[in-house]
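Asks: Position chain B against the provided structure of chain A, taking the given hints into account.
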Amino acid sequence: MNFVFLLQSFINGLSIGSVYAIFALGYTLVFSILGIINFAHGAVFTLGAYCTYALAVGDFGLNGLLAGMSLPFRLPFPLALLGGSLLAGGIGVLVERLAFRPLRAKGADPLLALVSSLGVALILVNCLQFLVGAEIYSFPSGIFGSLPPAMVFKMDGKVLAVRTVQIIILVVSLAMLLALAWFMNRTRMGKALQATAENPETASLLGINVDRYILSTFFISGALGGLSGTLIGASFGLAGPYFGVSYGLKGLAVIVLGGLGSIPGAVLGGLVIGLGEAFLPPDYSSMKEAVAFVMLFVILLARPQGLLGRQTIQKV
Amino acid sequence: MRPFIILLAGLFLANTALAEPVGNPIPVGIAVGQTTNVALFGEEQVNGAKVAEKLLNEKGGVGGTPIRLAFQDTGGDEAGAINAFQNLISRDKVVAIIGPTLSQQAFAANPIANQAKVPVVGPSNTAKGIAQIGEYVSRISAPMTLVAPNALKRALKLNPNVKNVAVVYAQDDAFNVSETGIFQEAIKSMGLNIATIQKTSVKDTDFTTQVTAILGAGVDMVVMSCLAADGGNMVKQLRQLGYEGIIVGGNGFNSPNMYPVCGQECTGVIVAQAYSPKADNAENKAFSAAFKDMFKKDPAQFSAQAYTSVKVVVDALNEVEKSSGKKVAEMDTAELRTALNAAIVSSSYDTPLGEIVLDADGEITQKTFYVSQIKVADDGKTGTMELLPE
Chain A
-14 MNFVFLLQSF INGLSIGSVY AIFALGYTLV FSILGIINFA HGAVFTLGAY
36 CTYALAVGDF GLNGLLAGMS LPFRLPFPLA LLGGSLLAGG IGVLVERLAF
86 RPLRAKGADP LLALVSSLGV ALILVNCLQF LVGAEIYSFP SGIFGSLPPA
136 MVFKMDGKVL AVRTVQIIIL VVSLAMLLAL AWFMNRTRMG KALQATAENP
186 ETASLLGINV DRYILSTFFI SGALGGLSGT LIGASFGLAG PYFGVSYGLK
236 GLAVIVLGGL GSIPGAVLGG LVIGLGEAFL PPDYSSMKEA VAFVMLFVIL
286 LARPQGLLGR QTIQKV
Chain B
295 MRPFIILLAG LFLANTALAE PVGNPIPVGI AVGQTTNVAL FGEEQVNGAK
345 VAEKLLNEKG GVGGTPIRLA FQDTGGDEAG AINAFQNLIS RDKVVAIIGP
395 TLSQQAFAAN PIANQAKVPV VGPSNTAKGI AQIGEYVSRI SAPMTLVAPN
445 ALKRALKLNP NVKNVAVVYA QDDAFNVSET GIFQEAIKSM GLNIATIQKT
495 SVKDTDFTTQ VTAILGAGVD MVVMSCLAAD GGNMVKQLRQ LGYEGIIVGG
545 NGFNSPNMYP VCGQECTGVI VAQAYSPKAD NAENKAFSAA FKDMFKKDPA
595 QFSAQAYTSV KVVVDALNEV EKSSGKKVAE MDTAELRTAL NAAIVSSSYD
645 TPLGEIVLDA DGEITQKTFY VSQIKVADDG KTGTMELLPE
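Chains as they are written, first to last, in my numbering: chain A, -14 to 301; chain B, 295 to 684.
So here's chain A without its partners, still in its complex pose (with noise of 0.2 Å):
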């Protein structure tokens, strides 16, 4: 254990943790409305992350039903990563409308809709896998212009490295992070976001309309899941149709960790998952994936609630 990589560490740490945490927000948004988990959040998130890929690179690779063809255009990878967003949103209604709103309509149990949610997940990602295969994918790596791919510092005789698009996915999930802030607290439509998560009921009682703001809350889900996807996929390629899968479990982990249906939850509990991977020694690499829930199993022993979650007082 050294200065250096500690830092080291702490850089990746903060970068990974980042996009945890707008990818768990994607949960939470849908959790605090509805008061279930959209298991179909992984999916949007892998399906986000080929949008994104479709638009910048627009070639597809050699299996699957779209092998050998290429798009006409390409966007620079900022627009991709804005319209991959936006399609992923797209997609999120679509799982609204399939797995959620006719469960809700004929008043059937909320859990039912877990089931539905699951469903739909495993049609959406073998859909991609008909259409591209299961081969790999990755971003070229002249995708961000003419940046160098890495930055890399000696300090006494040790080395420090810090890649690029880390800095990038750091920069993008702080941004996100505060636009959503500001959207949630400053504006009208957040507000009545707010109103319909604390009690449907008087929500539309008041004039607001529940079924929209159930909409926009799935759009806003799936673009956040889309654009954590995209920036995974930017840092390690798309390893699949199936990768999101893992980063979906993981996910439950941070919400249920940082409390569940608390955005603040959502975002530090990200960012401790995250340090915790990144400072755990490579010779144990191979336990990264416990490392989110053995977190969460110790917190949980201390606060049931999770780190941020407000306690449910039962009157009786």
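Calculated directly from the structure, the hints in this document are not laboratory data. Heads up, the beta-carbon is just placed ideally off N, CA and C, and yes, glycines get one too. Some hints could be false.
Claimed, not checked - With a straight-line cut-off of 25 Å between C-alpha atoms, the simulated SDA-like cross-links for lysine to any residue are:
1. A:K143 with B:G539
2. A:K143 with B:A511
3. B:K586 with A:G49
4. A:K143 with B:I491
5. B:K493 with A:S231
6. B:K493 with A:V(-11)
7. B:K591 with A:S126
8. B:K497 with A:S231
9. B:K590 with A:L113
10. B:K497 with A:F(-5)
11. B:K591 with B:E649
12. B:K422 with A:S271
13. B:K497 with A:L(-1)
14. A:K143 with B:I540
15. B:K591 with A:L56
16. B:K669 with A:F129
17. B:K669 with A:S131
18. B:K497 with A:F278
19. B:K353 with B:K572
20. B:K669 with A:P134
21. B:K493 with A:F264
22. A:K176 with A:L200
23. A:K143 with B:T490
24. B:K497 with A:M272
To be verified - Here are some chain A residues pointing at chain B (derived, C-beta under 8 Å):
25. N(-3)
26. Y122
27. S123
Replies: Chain B alone, transformed into the frame defined by chain A:
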């Protein structure tokens, strides 16, 4: 009188159920992972098997009778493999099964085929003890004990001044752990110094910590035992963060999936291979030409191994037909399965992998291995592995 007739009818039915002819075309089962994260490999295996079906049938199949491949998806887990095997055995009534993709699936599903006396040929199972699961189990995927030292020797030829080496391996993958053992022994016996050993996971994507440790150790060669996705990402990060020395990869790198993961940063990586699309033998030339024709790309090792598995089954079926003097399509399925298994083991085969020999246990001995250097095309997504001269 009546019960007697029913009994008679029952006996008759039972008898016909027992003696079931194989049928034309001859059904051969392919049980590989076409969904979940194994699909990356399963897709390549399906492609290789399809080329085999086409090419071998064009060559006359089994004494003029074509074969028909029955595909069943195993997914990535043991339960999926067991289901696929059961479907192939009892519904598709296949004469042999090729699969599953993963070793741990093989340990779960192969005993079922063994009990049903259906021959299994493992196309990609490299763990210890696969061929020993039972009498009816063989494999054509070789462990990599010979090729690793060869790859190092070729690397030293490119740069004879190498002194300090970093070793990297994916600790959660049985194949890579055993391969790194072979690499490390070879490095020591060549008088080189192992400056650092870095462990990774096949699920890892961020290798900044390991890469900075390697950069800090000041090595001039990195020897990696990883799979394509994780290894490709690490090569990319090594190069992005400024490592300029030689990189040698094990057999996990022998996949076209390396190219899209690390793009131009892969160029120059030396790879130890159990199969090369450029291998100079007649079987491989026919296979890789047919493959390129069908899929517009070079075959991967998983494709070549799947092709080889089908070839082994078809060769053995021809052998059964020759030695028994009966048409296999008219033989009873159970009888053929037993005769086929006896023909598969203790034989040698000409395949795209070169000549391979299966011993009485069904364990493979492969004669030729290859060492190549990756060259990625300008598009950053495709490439070739150029054979390095001896």
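Asks: Run through the hints listed earlier and report the numbers of any the structure violates, in increasing order.
Replies: none
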